[in-house]
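Asker: Chain by chain, the residues run as shown.
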Amino acid sequence: MAACSVEDVLAKAERDEAERLKSISVVKELELEFDVGNLLALDKNPVELRGRSQDREELLRALARDNVQLLVNEIWKLPAERTDDVLVVKLPEASTKLPREKPLPKVRPPTKWEQFAKLKGIQKKKKTNLVWDEVHKEWRRRWGYKRAKDDTKEWLIEVPETADPSEDQFAKRNKAKKERVAKNEFNRLRNIARASKTPVAGLGLAPRAQQSKSELAQAVSVARTSTASVGKFQDRLPKEKAPRHTGKKRKFQPLLGDFGNEKQKQLEMLKVMETKKPRLDVTKAVNKQLREDEEEEGRTRRKKGSGKKGDRGKRGAAGGKGKGAKGSKGGKGARSTKGKGRGPHMKQGKR
Amino acid sequence: MAHLDGVVKPKTKRSKRFLDHRAPKLLENSKNAMIMKGGNTSETVTQALKDIYSLKKPNVVLYKKKNIMRPFEDSTSLEFFSKKTDCSLFLFGSHNKKRPNNLVFGRMFDFHVLDMFEMGIEKFTALKNIKNEKCAEGTKPMLIFAGELFDVDNEYSRLRNVLTDFFRGPVVPAVRLAGLEHILHFTAADGKIFMRSYRVLLKKSGCRTPRIELEEIGPSFDFVLRRTHLASDDLYKTAHKQPKGLKPKKKKNISHDTFGTKFGRLHMQKQNLDKLQTRKMKGLRKRRGAVVVENGGTTSPKKIKTQE
Numbered sequence: 001m002a003a004c005s006v007e008d009v010l011a012k013a014e015r016d017e018a019e020r021l022k023s024i025s026v027v028k029e030l031e032l033e034f035d036v037g038n039l040l041a042l043d044k045n046p047v048e049l050r051g052r053s054q055d056r057e058e059l060l061r062a063l064a065r066d067n068v069q070l071l072v073n074e075i076w077k078l079p080a081e082r083t084d085d086v087l088v089v090k091l092p093e094a095s096t097k098l099p100r101e102k103p104l105p106k107v108r109p110p111t112k113w114e115q116f117a118k119l120k121g122i123q124k125k126k127k128t129n130l131v132w133d134e135v136h137k138e139w140r141r142r143w144g145y146k147r148a149k150d151d152t153k154e155w156l157i158e159v160p161e162t163a164d165p166s167e168d169q170f171a172k173r174n175k176a177k178k179e180r181v182a183k184n185e186f187n188r189l190r191n192i193a194r195a196s197k198t199p200v201a202g203l204g205l206a207p208r209a210q211q212s213k214s215e216l217a218q219a220v221s222v223a224r225t226s227t228a229s230v231g232k233f234q235d236r237l238p239k240e241k242a243p244r245h246t247g248k249k250r251k252f253q254p255l256l257g258d259f260g261n262e263k264q265k266q267l268e269m270l271k272v273m274e275t276k277k278p279r280l281d282v283t284k285a286v287n288k289q290l291r292e293d294e295e296e297e298g299r300t301r302r303k304k305g306s307g308k309k310g311d312r313g314k315r316g317a318a319g320g321k322g323k324g325a326k327g328s329k330g331g332k333g334a335r336s337t338k339g340k341g342r343g344p345h346m347k348q349g350k351r
Numbered sequence: 001m002a003h004l005d006g007v008v009k010p011k012t013k014r015s016k017r018f019l020d021h022r023a024p025k026l027l028e029n030s031k032n033a034m035i036m037k038g039g040n041t042s043e044t045v046t047q048a049l050k051d052i053y054s055l056k057k058p059n060v061v062l063y064k065k066k067n068i069m070r071p072f073e074d075s076t077s078l079e080f081f082s083k084k085t086d087c088s089l090f091l092f093g094s095h096n097k098k099r100p101n102n103l104v105f106g107r108m109f110d111f112h113v114l115d116m117f118e119m120g121i122e123k124f125t126a127l128k129n130i131k132n133e134k135c136a137e138g139t140k141p142m143l144i145f146a147g148e149l150f151d152v153d154n155e156y157s158r159l160r161n162v163l164t165d166f167f168r169g170p171v172v173p174a175v176r177l178a179g180l181e182h183i184l185h186f187t188a189a190d191g192k193i194f195m196r197s198y199r200v201l202l203k204k205s206g207c208r209t210p211r212i213e214l215e216e217i218g219p220s221f222d223f224v225l226r227r228t229h230l231a232s233d234d235l236y237k238t239a240h241k242q243p244k245g246l247k248p249k250k251k252k253n254i255s256h257d258t259f260g261t262k263f264g265r266l267h268m269q270k271q272n273l274d275k276l277q278t279r280k281m282k283g284l285r286k287r288r289g290a291v292v293v294e295n296g297g298t299t300s301p302k303k304i305k306t307q308e
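Here the protein sequences line up with chains A and B, keeping their order.
Numbering follows this note's numbering, with no gaps: position 331 of the first sequence is 331.
Numbering follows this note's numbering, with no gaps: position 194 of the second sequence is 194.
Hint data in this document are derived by calculation from the structure and do not stem from the laboratory.
The structure displayed is predicted, hence computed values, not measured ones.
Glycine is no exception: its CB is placed at the ideal position from the N, C-alpha and C atoms.
The reader is advised that the hints may include incorrect statements.
[Said to hold, decoys possible] To spell it out: a stretch of chain B is covered by chain A in this simulated footprint if at least three of its residues, at any positions, have a beta carbon under 8 Å from a beta carbon of chain A; those stretches are:
#, segment
1, 61-72
2, 179-190
3, 200-206
4, 264-278
[To be verified] Label pairs and their calculated CB-CB ranges:
#, chain 1, residue 1, chain 2, residue 2, range
5, B, L276, A, R82, 36 to 46 Å
6, B, Q271, A, T162, 22 to 32 Å
7, A, P46, B, L202, 43 to 53 Å
8, B, E133, A, L78, 26 to 36 Å
9, A, K146, B, Q271, 14 to 24 Å
[Said to hold, decoys possible] Only pairs whose alpha carbons sit at most 27 Å apart, straight line, appear in this in silico DSS-like list of lysine-lysine:
#, chain 1, residue 1, chain 2, residue 2
10, B, K192, B, K98
11, A, K102, B, K280
12, A, K97, B, K57
13, B, K251, B, K262
14, B, K140, A, K44
15, A, K106, B, K275
16, B, K97, A, K102
17, A, K239, A, K120
18, A, K125, B, K16
19, A, K102, B, K134
20, B, K192, B, K97
21, A, K102, B, K83
22, B, K65, B, K84
23, B, K241, A, K106
24, A, K241, A, K213
25, B, K9, A, K178
26, A, K106, B, K16
27, A, K97, B, K25
28, A, K102, B, K9
29, B, K252, B, K262
30, B, K11, B, K84
31, A, K146, B, K275
32, B, K97, A, K177
33, A, K149, B, K84
Make the full structure from the sequences, and use the hints.
Answerer: This is how it looks when you write it as structure tokens:
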């Protein structure tokens, strides 16, 4: 039948489609600019608003409705996913460039260890979180609270053969740990100082909470000499003492001058180098020996007075005395070891 | 605490997390806004500030007390507050004879003022004056800017940028279609800026895309642009520097199956199955002389299927 021809059907379908789309289509002069990532739309069409406020509100509402319809059309064009009975649309990247809140994070310069590891090609080994603890027969964490091999919790420490029997091994362990922690902290701060690239004050010159008189005096002297003319024209404060140890540290003979003197000096040096006998300053050696004798006497007196404390000092003294008898230039080293083993130096009056 | 960054280490994990949250990052947090009042405020201004506060909840801080400051002359006070609360957007309201019902919208970069726009409120209708059902707080609004001024004029386009930044809400990867409720419409015409807030009603239309009907809720403002402070070009450029190669962090212990089901992995400690806490079925309790089969709870340390 003619009424049911293909063209009629197609035309009817088109009309139906147009009617359906009429409800959601909006005609605009200029297309809107969309930024779906931010759910944003920009309408560049010129807006005319009439005088009365009532009309104005209606116009604004109509304008808003049209714009929202267009934006919603854009959003609905995106692929939708159904998750948990809910239709969700994945938004694309936002196209409006908005400034950041804070600047970009700075890249940390590598620490001393990181530099070394990179140089040698050492890789970081990923360690397991838990370690098997034989003592408690369970898996425990590698470090921290209730860790696997916790040597602070030991109630028994074997004294090694080479150690002094009267030494406190527990205190020794604690001290060693404190030293390790301090060293780690020091290295961390050094890494930061190196990374900061600003000159950091040397040891003792950075201001601290409690500073001793000598430290302050040192800081003052450093500050006074840190001028263009090395403190030469720097006025001294009313109660400031004159700085000691100033002037040249070493005095050198002029390069060319006294030929006779130079010849003498050179010949003397050769003579000294030839002799096989060690040079002995008799005065110095005698003074040293006298002082050691005095100290030993003092110690023996203390021992008699107090009791058994002189044991260590005596042993130290004996060792030092043996070395000191040589009186040679090696005596300097002997002095230092003896000094460590010594107890508090007490002046003994006449008895 | 700039130079004491590495020197003073946080002593607890909580403080470390707090500092890491506020530190500069590759992928930034959503911007917080702070709303404050000046030395003298009118009823309009206080109500306006309260309404914008409810629009921007929860990423906003409202200061109750008056702060005597002038943003356009001296911004140190503003910068101090922004550093304290980690807010990079601000809204300052004040009222005096010369500038009645004044609002200053602004944003910061690195806790220094980037842009500021001073707008006067000519006409204002509060949230409570429009008796309608409102949107839930925290809904991401759709933003529409109408008027050729927003595109052509330099100041207006920067204002559009600032308003987008202010009202945008958190950046989300996906959005629920039924949840597109709120729309903020800005029109630039007649030398004024009209801000209207509507609720979207999705009506059935013939096809998949719904037909939109609007219902006015929220505050409506008629603004007049007064003073502006735009950032210098190079500062603006520095603020826009994006990091290279931003890779999103992969979430661990989540896997997907070919059918689209999402699997999660839970790691359990060893449980003593004899001493499990289960529901106590009184009828199934052991009675003297009776033999009953008890069902123990089965929670095995293996994959548990979660639908998402």
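Asker: Now, for every hint given, state plainly whether the structure supports it.
Answerer: Against the structure, the hints:
no., hint, result
1, 61-72, "violated (count 0)"
2, 179-190, "holds (count 7)"
3, 200-206, "holds (count 4)"
4, 264-278, "violated (count 0)"
5, L276(B) to R82(A): 36 to 46 Å, "holds (38 Å)"
6, Q271(B) to T162(A): 22 to 32 Å, "violated (50 Å)"
7, P46(A) to L202(B): 43 to 53 Å, "violated (29 Å)"
8, E133(B) to L78(A): 26 to 36 Å, "holds (28 Å)"
9, K146(A) to Q271(B): 14 to 24 Å, "holds (20 Å)"
10, K192(B) to K98(B), "holds (18 Å)"
11, K102(A) to K280(B), "violated (56 Å)"
12, K97(A) to K57(B), "holds (23 Å)"
13, K251(B) to K262(B), "holds (13 Å)"
14, K140(B) to K44(A), "holds (23 Å)"
15, K106(A) to K275(B), "violated (53 Å)"
16, K97(B) to K102(A), "violated (37 Å)"
17, K239(A) to K120(A), "violated (57 Å)"
18, K125(A) to K16(B), "holds (25 Å)"
19, K102(A) to K134(B), "violated (34 Å)"
20, K192(B) to K97(B), "holds (20 Å)"
21, K102(A) to K83(B), "holds (11 Å)"
22, K65(B) to K84(B), "holds (16 Å)"
23, K241(B) to K106(A), "holds (13 Å)"
24, K241(A) to K213(A), "holds (13 Å)"
25, K9(B) to K178(A), "holds (18 Å)"
26, K106(A) to K16(B), "holds (18 Å)"
27, K97(A) to K25(B), "holds (18 Å)"
28, K102(A) to K9(B), "holds (21 Å)"
29, K252(B) to K262(B), "holds (13 Å)"
30, K11(B) to K84(B), "holds (20 Å)"
31, K146(A) to K275(B), "holds (25 Å)"
32, K97(B) to K177(A), "violated (70 Å)"
33, K149(A) to K84(B), "violated (44 Å)"
Consistency note: the structure conflicts with the earlier hints numbered 1, 4, 6, 7, 11, 15, 16, 17, 19, 32 and 33.
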